[in-house]
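Asker: All chains should be built: construct the whole structure from the sequences, respecting the hints.
Heads up, the sequence shown is in our numbering, so the first residue is 3 and it goes up one at a time.
Don't read these hints as lab results, they were simulated from the structure.
Derived DEER-like restraints, expressed as beta-carbon distance ranges: (1) L160 with I58: 18 to 24 Å; (2) V204 with A91: 23 to 29 Å; (3) T187 with L102: 42 to 48 Å; (4) L61 with P105: 22 to 28 Å; (5) G189 with I165: 37 to 43 Å.
The beta-carbon is built from N, C-alpha and C at its ideal position, and this holds for glycine as well.
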Amino acid sequence: MIRPSLILTRPLLRIALLAVGAAATLAPVGVAWAHPHHKPHIHGENAFVHGLLHPITGLDHVLAMLAIGLWASQIGGRHTWAMPAAFVALMIVGGLGATLGLPLVAVEGGILASVLILGLLVAAACKLPLVGGAAVAGLFAIFHGYAHVSEMTTGASLAAFGIGFALASAALCFAGLGVGQLLQTRGQAMLVRACGGGIATVGLVLVATAWV
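Answerer: Written out as structure tokens, the structure reads:
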């Protein structure tokens, strides 16, 4: 019997490619568009709190990280820790890239694409090998980490800010993982996929409203 996730994989990839193309066109959109309240006047001593709050005050960040956890719960096995770990680790790498002033094209486009595509992957219950799943998670994480550090208050402690956003991001990923595992142990795997569909829908709305 062919699993539904395999049936959906090919059209899903087509949609994903279209989503990447659409989101990439949003490169000129500034970081402030998606996170208008992300730059409070916080000085170095409060950098940890700023970093801790930063991921949870942006809808795009929250949904992408919850989707990572939900997707990891669907695949199971080593994915349950490897995918969230890859996301947090590569997010830190992205943040370091921003600190060093390395250029990254379409940061906001990549973030918007992550919400849409990760939601689609959850909705399709798409199962990738460990390396593939971690690579997808890590790729999108780079954009999120770059955006976090780009919005850090000037003069704030990078270490404190980084620890804060890494902890908050890990918590969001594992929150999604916990919810996904709980629903599946109760025989509600379709509800997990419905959550993915909801995340993808919001991602599509974010992409669409970016043009307004």
